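Asks: Residue strings, one per chain:
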Amino acid sequence: MTQEIWNFIFIGGSFALYIWIAIRSRAATTKEYYVASGGVSPFANGMATAADWMSAATFISMAGIVAASGYDASRFLMGWTGGFVLLTTLIVPYLRKFNKFTVTDFLGDRFYSNVARAVGVICAVFICMTYIMGQMRGVGIVFSRLFEIEIWLGVLIGAGIVFFYAGLGGMKGITYTQVAQYCVMVFAYTIPAIFISMLLTGNVVPQLGLIGDFTKGDADPVPLLSKLNSLNSELGFAQYTDGSLGKLDMFCITAALMCGTAGLPHVIVRFFTVKSVNAVRKSACWTLLFIAVIYLTAPTVGAFARTNLLSEVNGASYAAAPDWLKNWEKRSLIAWADKNGDGKIQHFGGGVDAEGKPLKAPVFENKKGWMARNDGAQPPADLVFSAKPIYAERETESGPRPLKNVLADNDNEFYYDKDILVMANPEMAGLPMWVIALVMAGCVAAALSTAAGLLLVLSTSISHDLMKKIVSPSMSDSQEVMWARGASFAFLAIAAYFGINPPSDFVAKTVAFAFGLAASSFFPTILMGIFSKRINREGAICGMVAGIALTLGYIIYFQFIAGHTNYILGISPEGIGFFGMLLNFAVAFLVSYMTPAPPQEIVEMVQRIRNPQDAGTATHE
Amino acid sequence: MNSSSEQSDQNPYQPSDTGQANANSANKRSRDDAYWAKSLKIVGVILLLWAFVSLGCGILFRNLLDSFSVGGAPFGFWMAQQGSIIVFLLLLIVYMFLMNWLDREHGFGDEGKQ
Numbered sequence: 001m002t003q004e005i006w007n008f009i010f011i012g013g014s015f016a017l018y019i020w021i022a023i024r025s026r027a028a029t030t031k032e033y034y035v036a037s038g039g040v041s042p043f044a045n046g047m048a049t050a051a052d053w054m055s056a057a058t059f060i061s062m063a064g065i066v067a068a069s070g071y072d073a074s075r076f077l078m079g080w081t082g083g084f085v086l087l088t089t090l091i092v093p094y095l096r097k098f099n100k101f102t103v104t105d106f107l108g109d110r111f112y113s114n115v116a117r118a119v120g121v122i123c124a125v126f127i128c129m130t131y132i133m134g135q136m137r138g139v140g141i142v143f144s145r146l147f148e149i150e151i152w153l154g155v156l157i158g159a160g161i162v163f164f165y166a167g168l169g170g171m172k173g174i175t176y177t178q179v180a181q182y183c184v185m186v187f188a189y190t191i192p193a194i195f196i197s198m199l200l201t202g203n204v205v206p207q208l209g210l211i212g213d214f215t216k217g218d219a220d221p222v223p224l225l226s227k228l229n230s231l232n233s234e235l236g237f238a239q240y241t242d243g244s245l246g247k248l249d250m251f252c253i254t255a256a257l258m259c260g261t262a263g264l265p266h267v268i269v270r271f272f273t274v275k276s277v278n279a280v281r282k283s284a285c286w287t288l289l290f291i292a293v294i295y296l297t298a299p300t301v302g303a304f305a306r307t308n309l310l311s312e313v314n315g316a317s318y319a320a321a322p323d324w325l326k327n328w329e330k331r332s333l334i335a336w337a338d339k340n341g342d343g344k345i346q347h348f349g350g351g352v353d354a355e356g357k358p359l360k361a362p363v364f365e366n367k368k369g370w371m372a373r374n375d376g377a378q379p380p381a382d383l384v385f386s387a388k389p390i391y392a393e394r395e396t397e398s399g400p401r402p403l404k405n406v407l408a409d410n411d412n413e414f415y416y417d418k419d420i421l422v423m424a425n426p427e428m429a430g431l432p433m434w435v436i437a438l439v440m441a442g443c444v445a446a447a448l449s450t451a452a453g454l455l456l457v458l459s460t461s462i463s464h465d466l467m468k469k470i471v472s473p474s475m476s477d478s479q480e481v482m483w484a485r486g487a488s489f490a491f492l493a494i495a496a497y498f499g500i501n502p503p504s505d506f507v508a509k510t511v512a513f514a515f516g517l518a519a520s521s522f523f524p525t526i527l528m529g530i531f532s533k534r535i536n537r538e539g540a541i542c543g544m545v546a547g548i549a550l551t552l553g554y555i556i557y558f559q560f561i562a563g564h565t566n567y568i569l570g571i572s573p574e575g576i577g578f579f580g581m582l583l584n585f586a587v588a589f590l591v592s593y594m595t596p597a598p599p600q601e602i603v604e605m606v607q608r609i610r611n612p613q614d615a616g617t618a619t620h621e
Numbered sequence: 622m623n624s625s626s627e628q629s630d631q632n633p634y635q636p637s638d639t640g641q642a643n644a645n646s647a648n649k650r651s652r653d654d655a656y657w658a659k660s661l662k663i664v665g666v667i668l669l670l671w672a673f674v675s676l677g678c679g680i681l682f683r684n685l686l687d688s689f690s691v692g693g694a695p696f697g698f699w700m701a702q703q704g705s706i707i708v709f710l711l712l713l714i715v716y717m718f719l720m721n722w723l724d725r726e727h728g729f730g731d732e733g734k735q
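Protein sequences, first through last, are from chains B and C. Just so you know, we're using this note's numbering here: the first sequence kicks off at 1 and counts up by one. Just so you know, we're using this note's numbering here: the second sequence kicks off at 622 and counts up by one.
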């Protein structure tokens, strides 16, 4: 059997499973549509939340980021798991007791104001839209690589599947497909890791590989990380265990990611589907366990992949290079420019500068570098400057693909896209074809499960928070479900459009928005709503507006306007959400204490949500 | 948060003449307040540990801890990449047991049997 047939079997099989589940669990009422009737078991909800949380980016790119940046990537590892501690201890048990359908409901009711509700709707839509665009793009890319179809067709297939089970089935349809998707993902992620772990460290448990010894070959076993560090410094790269980010920046980014995670609406609403406050706590433990299985594997996969790459690529002759290298070159994710014409691949870093800071050695020249080399002259129009390889047509099928890029003046000849470190891992380790197909099915499952969760929040923001609560409160239950389906169709269409025509690297840059926005708006405001009885309408609204303004202003200024990276105090836009959050707290308290206290029934309501008894199931009123 | 200042903001015992109903609700109110004060303590301790292992061990004191090692990995580096995640999980499990115990102590325990 060929690889294509295996791919069809695995991806087709998993799609058939998702659709079958969706047909069996169609939603008819708003209660089924929004919270799956509130009867999901903590264990199943834990799996579903884990799948909801781990997106295409986590699945495909995270290990690659760890491999490429070593210690610096710890901000994602800690940020995206540590947020669950905040979420569980501060947010979800109380929101579950509050007993409504959406996160925005809490803002609207607790702060007795439709303005707060409207701010909530805008934030929820913005956060989820940013995310879902990336998911649709991810599905499209995986499909186009697998079946050699156009990206737009891949995006449309993905959007169709998601609409079918999320748009029609609502939370009920999503929950059990996410359980299935988690199972696919966890096998797809760990099975290749186990094989590679045994190959490199002789350890069956891949999570332990990071602290294990490198035992491949005849040499005496040395700790894997020492091996990796010495490989890196030999070749002029930064030490793997060193970081290049400043301590304050690293601190702020990690804190912003944690608080952002605790404020993401699509994760919070998943906990509305379980029976009681007690079940919420149990479910949160399961969720973090399921996430940890993959997040503990990622740093090892990263370290393995980097070790494999550094030890096997540098100095290898192209003619004798392994098949995976040529396969991924064919799919445009690897490029080799034989700068010195010796037929061998050179892969070097840029060494360190006088202060010991690592320097970069990109294979391709950028415009600035070219002008610096040519005394500031404007480059001729026919030169191609790009950080990614631009391939030229080639005359023969064999040999390396010729490149159009201007090459940089250094010895580094080898370009690779970080994403291949997960997707090419099974091939690098020489694993059987069905494992490779499984990894692809895992990538698709990761993208679809997150897209579905986001779509639900998007559609309920419109049908419930906007239409039912603000525009036309007299709407019937079935009308509301119709609105939800219509809204999810419209949002998917927009997401698919941006998936097909991504506005340059806009999507990558706006991911910082999503977390910064969640950290500076939802998280602090919900927190104050639960833990303080004094915070009132005026305080909450001013706090949210101030937090969002600071965060968005800083991100927009440095990502799109400034054109330089002389950040204030060295805080990068990724980490500004932390300060947005602090500002939100400060403004909210200040304004609240200068304006009248909230009415008595709101204080009673806060008192009620602090008591875990009788959570019931989520309701409309 | 600022629970102590809030409690002084308002009087939980409404002025009333007599009656079993009022006594009951005052009772219930003080039971709720005691529950809330204790759960704030639990959450506080959990979050202190949470910040210590991640932002503390993984980032701020990382260089200090790197002189120790876990297997073949420097301790600070390992805490940032794997150790803190394991501690997060343990913290959530401890939180669950403590809160369930607290629920039972205050008579909220019958709720939510799975």
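It should be emphasised that the hints constitute simulated quantities derived from the structure, not laboratory data. Heads up, some of the hints might be wrong.
Unchecked claim - List time: in silico EDC-like cross-link candidates among lysine to aspartate or glutamate, alpha-carbon distance up to 20 angstroms:
#1 B:K97 to C:D653
#2 B:K404 to B:D382
#3 B:K330 to B:D411
#4 B:K368 to B:E329
#5 B:K330 to B:E4
#6 B:K330 to B:D417
#7 B:K344 to B:D411
#8 B:K97 to C:D654
#9 B:K247 to B:E234
#10 C:K649 to B:E601
#11 C:K649 to B:E604
#12 B:K97 to B:E604
#13 C:K659 to C:E726
#14 B:K247 to C:D654
#15 B:K404 to B:E393
Unchecked claim - Quick partial rundown of chain B residues pointing at chain C, CB under 10 angstroms, derived from the structure:
#16 L224
#17 T254
#18 R281
#19 I345
#20 F531
Source: prediction; values computed, not measured. Glycine is no exception: its CB is placed at the ideal position from the N, C-alpha and C atoms.
Asks: All hints, please: hold or fail.
Replies: Cross-check of the supplied hints:
1. Restraint check: the Cα-Cα separation between B:K97 and C:D653 comes to about 15 angstroms, which is no more than 20 angstroms; the hinted pair holds.
2. Between the alpha carbons of B:K404 and B:D382 the distance comes to roughly 10 angstroms, so the proposed pair stays at or under 20 angstroms and holds.
3. Only pairs whose Cα atoms come within 20 angstroms are accepted, and B:K330 paired with B:D411 is rejected, the gap being roughly 23 angstroms.
4. With a C-alpha separation of about 27 angstroms, the suggested pairing of B:K368 with B:E329 is violated against the 20 angstroms cut-off.
5. Taking the CA atoms of B:K330 and B:E4, the gap is about 16 angstroms. The hint holds against a cut of 20 angstroms.
6. Straight-line distance between C-alpha atoms of B:K330 and B:D417 comes to about 13 angstroms, which keeps the hinted pair within the 20 angstroms bound.
7. Of the pairs offered as hints, the one joining B:K344 and B:D411 holds, with about 12 angstroms between alpha carbons and a cut-off of 20 angstroms not exceeded.
8. Taking the CA atoms of B:K97 and C:D654, the gap is about 17 angstroms. The hint holds against a cut of 20 angstroms.
9. Annotation: proposed proximity of B:K247 to B:E234 is violated, straight-line Cα distance about 26 angstroms (limit 20 angstroms).
10. Distance check on the hinted pair: C:K649 and B:E601 sit about 17 angstroms apart at the alpha-carbon level, within 20 angstroms; holds.
11. Simply put, C:K649 and B:E604 have alpha-carbon atoms about 13 angstroms apart, close enough for the 20 angstroms limit, and the pair holds.
12. A C-alpha spacing of about 14 angstroms is found between B:K97 and B:E604, which places the hinted pair at or below 20 angstroms, so the restraint holds.
13. At roughly 11 angstroms between alpha-carbon atoms, C:K659 and C:E726 fall within 20 angstroms of each other, so this suggested pair holds.
14. Taking the CA atoms of B:K247 and C:D654, the gap is near 40 angstroms; set against the 20 angstroms cutoff, the hint is violated.
15. For the proposed pair B:K404 and B:E393, the alpha carbon gap of about 9 angstroms is at most 20 angstroms, so the pair holds.
16. Evaluation of the B:L224 hint against chain C yields a held restraint, the C-beta minimum of about 6 angstroms falling below 10 angstroms.
17. Hint on B:T254 holds. Least Cβ distance to chain C is approximately 6 angstroms, under the 10 angstroms limit.
18. The closest approach between the C-beta of B:R281 and any C-beta of chain C is roughly 4 angstroms, which is under the 10 angstroms cut-off, so the hint is satisfied.
19. Annotation: B:I345 was flagged as interfacial toward chain C, and the flag is violated, the nearest CB pair being 28 angstroms apart, outside 10 angstroms.
20. Among the interface hints, the one on B:F531 holds; its C-beta lies about 4 angstroms from the nearest C-beta in chain C, closer than the 10 angstroms criterion.
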